[in-house]
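Q: Once you've looked at the hints, dock chain G against the given chain X.
Top to bottom, those sequences are chains X and G.
Residue numbering for the first sequence follows my numbering, beginning at 1 and increasing consecutively.
Residue numbering for the second sequence follows my numbering, beginning at 1 and increasing consecutively.
Since the hints were made in silico from the structure, they are not lab data.
Treat the hints loosely; a few may be bogus.
As the list claims (entries may be wrong) - Label-pair restraints from in silico Cβ distances:
#, chain 1, residue 1, chain 2, residue 2, range
1, X, Ser263, G, Gly124, 31 to 37 Å
2, G, Val308, X, Thr152, 37 to 43 Å
3, X, Thr180, G, Leu28, 56 to 62 Å
4, G, Arg247, X, Val149, 45 to 51 Å
5, X, Thr83, G, Leu192, 39 to 45 Å
6, X, Ser261, G, Ser46, 37 to 43 Å
Unchecked claim - Partial selection, computed: residues in chain X whose CB lies under 7 Å from chain G:
#, residue
7, Leu94
8, Ile99
9, Gly102
Stated by the list, open to error - So, partial list: chain X residues that the calculated Cβ filter (under 8 Å) puts toward chain G:
#, residue
10, Val105
11, Val272
12, Phe273
Remember, it's a predicted structure, so these values are computed and weren't measured experimentally.
Don't be surprised by glycine CBs; every beta carbon is placed ideally from N, CA and C.
What follows is each chain in one-letter form.
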Amino acid sequence: MSGWIDSILQGIMLGALYALFAAGLSLVFGVMRMVNVAHGDLIVLSAFLAMWLQRLMGFSSTFLTLILLVPLMFAVGYLLQRTILNPALGEDILRPVLITFGLSVIIQNGLLQAFSADSQKLHGGRVEVASIALPAGLAVGTLPLLTLVVSTALIGLLQWVLYRTKLGRALRATSDDLSTAGLMGVNTPHLFAMATGIAMVTVAVAGVFTGIRASFDAVSGPDWLIFAFEAVIIGGLGSLWGTLAGGMILAMAQTTGARFSPSWQMLAGHLVFLAILILWPQGLFPRRTE
Amino acid sequence: MSIHKEWGSVRVEQSSRLSRMAAAFAGLLMLALLSAPAWIDRGHLSLLMEFCYFLALAQMWNLLAGFAGIISLGQQAFLGLGGYVLFLLTIQLGWTPIAALVLAGVVGALVAIPGALIVFRLNGAYLAIGTWVVAETFKLAFSEIRSLGAGSGISLPASVARAVNLGPLHRDTVLYGAALLISLLSTVCSYLLLRSQAGLALTAIRDNEATARSAGVNSLRIKLFVFVATGFGTALTGALIYLSKLRISPPAAFDINWSSYMIFIVVIGGIGTLEGPIVGTMVFFLLRQYLADLGSWYLIVLGAVAVVVMLKMPSGLWGTFAKRYDISLFPTRRRLILDRSVLTSELKSGHASAGGDCE
Chain X
1 MSGWIDSILQ GIMLGALYAL FAAGLSLVFG VMRMVNVAHG DLIVLSAFLA
51 MWLQRLMGFS STFLTLILLV PLMFAVGYLL QRTILNPALG EDILRPVLIT
101 FGLSVIIQNG LLQAFSADSQ KLHGGRVEVA SIALPAGLAV GTLPLLTLVV
151 STALIGLLQW VLYRTKLGRA LRATSDDLST AGLMGVNTPH LFAMATGIAM
201 VTVAVAGVFT GIRASFDAVS GPDWLIFAFE AVIIGGLGSL WGTLAGGMIL
251 AMAQTTGARF SPSWQMLAGH LVFLAILILW PQGLFPRRTE
Chain G
1 MSIHKEWGSV RVEQSSRLSR MAAAFAGLLM LALLSAPAWI DRGHLSLLME
51 FCYFLALAQM WNLLAGFAGI ISLGQQAFLG LGGYVLFLLT IQLGWTPIAA
101 LVLAGVVGAL VAIPGALIVF RLNGAYLAIG TWVVAETFKL AFSEIRSLGA
151 GSGISLPASV ARAVNLGPLH RDTVLYGAAL LISLLSTVCS YLLLRSQAGL
201 ALTAIRDNEA TARSAGVNSL RIKLFVFVAT GFGTALTGAL IYLSKLRISP
251 PAAFDINWSS YMIFIVVIGG IGTLEGPIVG TMVFFLLRQY LADLGSWYLI
301 VLGAVAVVVM LKMPSGLWGT FAKRYDISLF PTRRRLILDR SVLTSELKSG
351 HASAGGDCE
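Bound conformation, chain X alone (with noise of 0.2 Å):
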């Protein structure tokens, strides 16, 4: 009884992590209508770079280098938007997917090249081994804890600057009506890259928490875009908690199935994704609309 309550604790706390990788995927589908399905390998990148980074500036834990990597991230996001995929926004949805499965292969390839195809893991210290007693003879490690308080504070900060802030207004309004926003004096292309920008903020911690909580290597990427996509779609478009919630119900799946035999683990989360797409296809908590 108690590994089925393992199982489900665990799954909660990794779906946490699942949603973080899903915010920023469904953030820039809700504003410009495109899937990036470069989103995986730039978590992927974003772990390898943090691992160079600390390498770099001799920092004892990985989580010292988000200083450095969140920003960096940031700049990242603004300028793919502004420099490649702005221009291929349109009427024709072909060509922001044709373009980010290019860069996806780029960026895979490139890691494959300049870090070779080597399992890697990154060191964030002391917390890695560390855990909290429960009662029942269950223990919740301190790192999955505290991947699962991270991951629902960004969103929740997330939340709050598309709900209270200017910016989120734009954002907002943007992904209501791309021309009357325009037409408002709403700088879309800033926007646009404004809003990859901030998903890449998403990205850089996801990295960091993934690398630390798993080995990844460079082909990681597309597993990876495939767990946010199936949280966002299990929880319905638009709605961030609904988001959360969907990370949560697939790693639970994933770590039931994971019992029963380690190959099941990715297969019970497909399957649990199928079911839902065939029997809710707008999600379990898709929003409102008025």
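A: Below, chain G alone, put in the same frame as chain X:
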């Protein structure tokens, strides 16, 4: 009113002198390709065979994305499925390879129906990733089947490989012939489909789905048809590929790279044209010939070329060339041919061009 009287001097053309010349040239090329096993060595024959099946895969992806607007990143699901059906039928049920090839296509089509009903629930751009999830699910599911070698895969026994020999024809020749036939059929069937009424409906959906639907086009039915037809073709091609490779494993058969190659070929050559995939496959093989030794640099270059093409010339190499010189070797558009002498009196000078395109 007077313009209406002149309608007698207007005709609709779906071919041109150039396209008829191209058809004649294509016929000669086919003769040369058919006789290829007689005059080229085995190494080049297998390269030519690879060219054929990549062209077939690209042609089908082009039909999906370029005409039906279904951006699939999961065609490897059908490709791998076809391969596995062939292995299952020949090894465990003792079917002849040729019969198994056809049934592999049928299974692909049958799987495409429920597959479409699931992934079509997703919005266009998210559909792309949805198809990818389905392909990943297939990969993981086939890794669980012990009788087909689970995660490490399975080989075709020599007896099955020998069964491909047809009388005096060596199996390499037979497989090459089949690949040539599939590439020809995928091109010709796409061409005929696009020239038909269904093709007109597809083009209308691609240009503006809402307007097409309001004009009475049943977009779901026609998209479903294209998805099922390409499911058939891709599974059949997959079965052929693995019949020639003689060994199949889930990571290779359901590899996303299959979709990457289809996409790069179509994008570089020119999406939404039938000539594009042909040009794209040539560029693909040319780049591979010179860059394959560079390992991951090859894919970096291929990806970069595709990104630059998408940004700078979204209609690809062929599309840009054809637009510039107004050329179409496989015309699928209907052209309105106006008799200029009658019409100049009726239309303002800037307005009266001799050939108006009617897409």
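Q: The hint says 39 to 45 Å between Thr83(X) and Leu192(G); measuring C-beta to C-beta, is that right?
A: holds (42 Å)
Q: Gly102(X) was flagged as interface toward chain G. Is the shortest Cβ-Cβ separation under 7 Å?
A: holds (4 Å)
Q: Given the range 37 to 43 Å, decide if the beta-carbon distance of Val308(G) to Thr152(X) lies inside it.
A: Since Val308(G) and Thr152(X) have Cβ atoms about 41 Å apart, the given range 37 to 43 Å holds.
Q: Between Thr180(X) and Leu28(G), does the beta-carbon spacing fit 56 to 62 Å?
A: Check passed, 58 Å falls within 56 to 62 Å.
Q: Taking the beta carbons of Ser261(X) and Ser46(G), is their distance inside 37 to 43 Å?
A: Check passed, 39 Å falls within 37 to 43 Å.
Q: Take the C-beta atom of Ser263(X) and the C-beta atom of Gly124(G), compute their distance, and say whether it sits inside 31 to 37 Å.
A: About 33 Å separates the Cβ atoms of Ser263(X) and Gly124(G), which means 31 to 37 Å holds.
Q: Would the stated hint for Val272(X) survive a check requiring a Cβ distance to chain G of less than 8 Å?
A: violated (11 Å)
Q: Was the hint right that Ile99(X) lines chain G, CB cutoff 7 Å?
A: This hint holds: Ile99(X) lies near chain G, its Cβ roughly 5 Å from the closest one there, short of 7 Å.
Q: Quick one, is the Val105(X) hint okay against chain G at 8 Å, beta carbons?
A: Constraint on Val105(X) satisfied, holds at 4 Å.
Q: Is it true that Arg247(G) and Val149(X) lie within 45 to 51 Å of each other by Cβ?
A: holds (49 Å)
Q: So, as I understand it, the hint says Phe273(X) touches chain G; can you test that by seeing if any CB pair is closer than 8 Å?
A: holds (6 Å)
Q: Could you check if Leu94(X) really has its C-beta closer than 7 Å to a C-beta on chain G?
A: Interface hint status for Leu94(X): holds (6 Å vs cutoff 7 Å).
Violated hint for the displayed structure: number 11, the only one.
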